[in-house]
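Work the whole structure out from these sequences, hints included.
Chains as they are written, first to last, in the UniProt record's numbering: chain C, 1 to 435; chain S, 1 to 435.
Mixed in with the good hints there might be a few duds.
In this list, chains with the same sequence are indistinguishable; a pair is considered to hold if it fits within one copy or across any two.
Stated by the list, open to error - Below, a list of computed lysine-lysine pairs in the BS3-like style, where the Cα atoms sit at most 30 angstroms apart:
| no. | residue 1 | residue 2 |
| --- | --- | --- |
| 1 | K241 | K40 |
| 2 | K49 | K268 |
| 3 | K49 | K8 |
| 4 | K163 | K97 |
| 5 | K159 | K228 |
| 6 | K97 | K430 |
| 7 | K33 | K163 |
| 8 | K381 | K336 |
| 9 | K268 | K336 |
| 10 | K40 | K430 |
| 11 | K228 | K420 |
| 12 | K430 | K8 |
| 13 | K381 | K420 |
| 14 | K159 | K33 |
| 15 | K159 | K40 |
| 16 | K97 | K381 |
Simulated from the structure, these hints should not be mistaken for laboratory data.
2 protein chains.
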Amino acid sequence: MNLDLLIKNVDIITMDDQNSVIHNGFIGVSDRKICFAGEKLPENTGFKKEIDGKGGLAMPGLVNAHSHSAMTLMRNYADDIALESWLFDNIFPIEAKLTDRDVYWGTMLGIAEMLKSGVTAFADMYMFMDEVARAVTETGIKANLCKSPVQFFEGGELKRLDKSQGTVDYYNRYHNSAEGRIKVFVEIHSTYMFNEQTLRNAALLARQLNTGIHIHLLETTAEVESSKKDYGMTSIEICEKTGVLDVPVLAAHCVHMTDSDLEIMRRKGCSIAHNPSSNLKLGSGIARVPEMIGMGINVCLGTDGAASNNNLNMFEEINLAALLHKGVAMNPQLMKADTVLKMGTYNGARAIGFDDTGKISEGMKADIILIDTDKPHFYPKNNPLSTAVYSAQASDVDTVIIDGNIIMQNRVFTGIDEEKIKYEVHSLSKRLLVR
Amino acid sequence: MNLDLLIKNVDIITMDDQNSVIHNGFIGVSDRKICFAGEKLPENTGFKKEIDGKGGLAMPGLVNAHSHSAMTLMRNYADDIALESWLFDNIFPIEAKLTDRDVYWGTMLGIAEMLKSGVTAFADMYMFMDEVARAVTETGIKANLCKSPVQFFEGGELKRLDKSQGTVDYYNRYHNSAEGRIKVFVEIHSTYMFNEQTLRNAALLARQLNTGIHIHLLETTAEVESSKKDYGMTSIEICEKTGVLDVPVLAAHCVHMTDSDLEIMRRKGCSIAHNPSSNLKLGSGIARVPEMIGMGINVCLGTDGAASNNNLNMFEEINLAALLHKGVAMNPQLMKADTVLKMGTYNGARAIGFDDTGKISEGMKADIILIDTDKPHFYPKNNPLSTAVYSAQASDVDTVIIDGNIIMQNRVFTGIDEEKIKYEVHSLSKRLLVR
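This is the structure:
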């Protein structure tokens, strides 16, 4: 067998159906895919390139299933204030100034940060989405991008214009582009920014394109109230009624769900992106995640934007998801390490439209991260699953491989100019972040 | 002015009474103390050594106000199980095997990990406390160590013997030793491991020694019940009755407090060490921290032991404390960045008996950490307080200075053999961690 890449001397967190761990194993990569992962190197194996994992961990790349990457531009700009003031007095005024160039560099910064913390795929929802597609294409990461058929503003005024055509174009240009590294969903920002007719139109559009929908659902109690007022039913119910849930749905937040809402989501096979840092930081509340998992709903994890987090660090979300719900329910046996790692890897991959990644097993795409465990906080070396969830930091990610390509090695990017990204963001922030 | 050390080119989070931030400033260190911190370098300033902060952040060293450092030896060994099984089936059997040498190396590992994450002082409660004092003395860190007058086990049997003399000896040998870097408190493990008489004896001993008490209080609902059964009152009430609260008290956890308990703690001027990761992970519950702070109680932060965390990463505790209580109370204006940073620095220093550290201001001991912010997750550069709480990781700590001595620079220890620590812990874990 002739490999493109051989990884050796690693404990492998496979995230396969048994969540099995391979001790001191080998991973073979050929033609962008994993062709074996095991304790023994198959006989007569040749390879073009070899990486020594130095006794560390290999695991599937993390999937950040809900983000607004370019909001890195507003990082640490407005914190510890009421949600309305945060949004209307701080975030919106800056977003009104954003150009396509700003969004490009903000997204590049977000991607650089995510790659450095082990993220190999993410779902993004923002404006100037052509620029986001460009950043994804250039950097080698994978992404689910979405485009809204409803334009909210025209001439600075809230209009909510139905412009489905732009979404069709976007889908045709980018879906499965970048060697299959981009998937395109239809964006429904939320039920409160749409109305019954535009919800119906967006759902129909997604069905026609044979793709999914990325939506914010029930993040706050304010949304619970507005949905009752506007639609006479919950956000989930109006989504079901208008056909939104008849396609693959990636629903961010889902903090304030009734039992019936949860049952609808389960029945419709929706995925829920849990964003613990953002939900806590904005005071939105705590989602009923253990119940969702118990019902068999596909729950994944996201960082949300860096303006409400304030980073894109999936290791923090994994750790927080594992800890938070144990404490709230006063039950240390909830949200076990393997469950939470699955949320941060394969569940996320499925949710954002890449079902051929998120596991280290034969035939899956070679999206792999290596963790350097030769540091005090990893000693003595015990259970790899616990280690990844409870001890690891994002900065412990040493190497990132996507579709078999080495994107980062020894924490240095192979093809991304990190210095230029930092320089450009620093420069444009001088214009944007003037109070 | 002739300095031992000049730090330049840093934004300084002072944690002074106004929580002021100095932009692009200088810090002068002379005779182990901070002699100035400001935007301008005083005229005619000479220095023996200079550190360029490279546009990063300087802040007071973090204070880990509750830990059992040597429990690093049980890191990632037993997770996601019920508290009783965790303790009785996993932790106690290993602790029964621990030798003084094990505790020394476990503590050395814990100290190495803490230093690497910006901790300059910690409070520790464990066994073989002479070995803990030795590790503190050798490494240059500061610590509050405690010694129990009650020995729980003799010949493997629970005896609860009152052996105050050992505590007096320990106090005399170590209090203010290591050039003042060690303080000694009396240990009261908990009200459930003591009885009314031994609580009284311990309180009297602390008063006679003119020192404080380090105690676990109301970590679990089981303790609430046992106190009601054993004493007919809450743990706080029996502590007040027996004089435990008449000396400076460092009380870890305090998760399940009645209004009256909180009022007693406030009136007695007790400090509370909040351990959010451990309380969540063990399913203990969520302490009423915003209320404690609102009442004026001195609340600080701790990691607890690495067996229930599973690291000694104070940046995680700071981040978690800031996020958790906003989410629980659904109020994003609680636990603001400056409040939480104060908990992790000066409040902790006061609580563990070092009131001359925890701020970067003239006359305070030079316990300073530098954070390297030239990384994607710090761009663009905005509010330094938000940055430290919401964006920073432990691994961003670049330099650690304690009493003016450079303990770590560019993430490399100046006088600690990290490789030997990792080697020794790896070796002894083979004997200890056999199931």
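Legend entry - Violated hints, by number in ascending order, as checked against the structure: 1, 2, 7, 11, 14, 15
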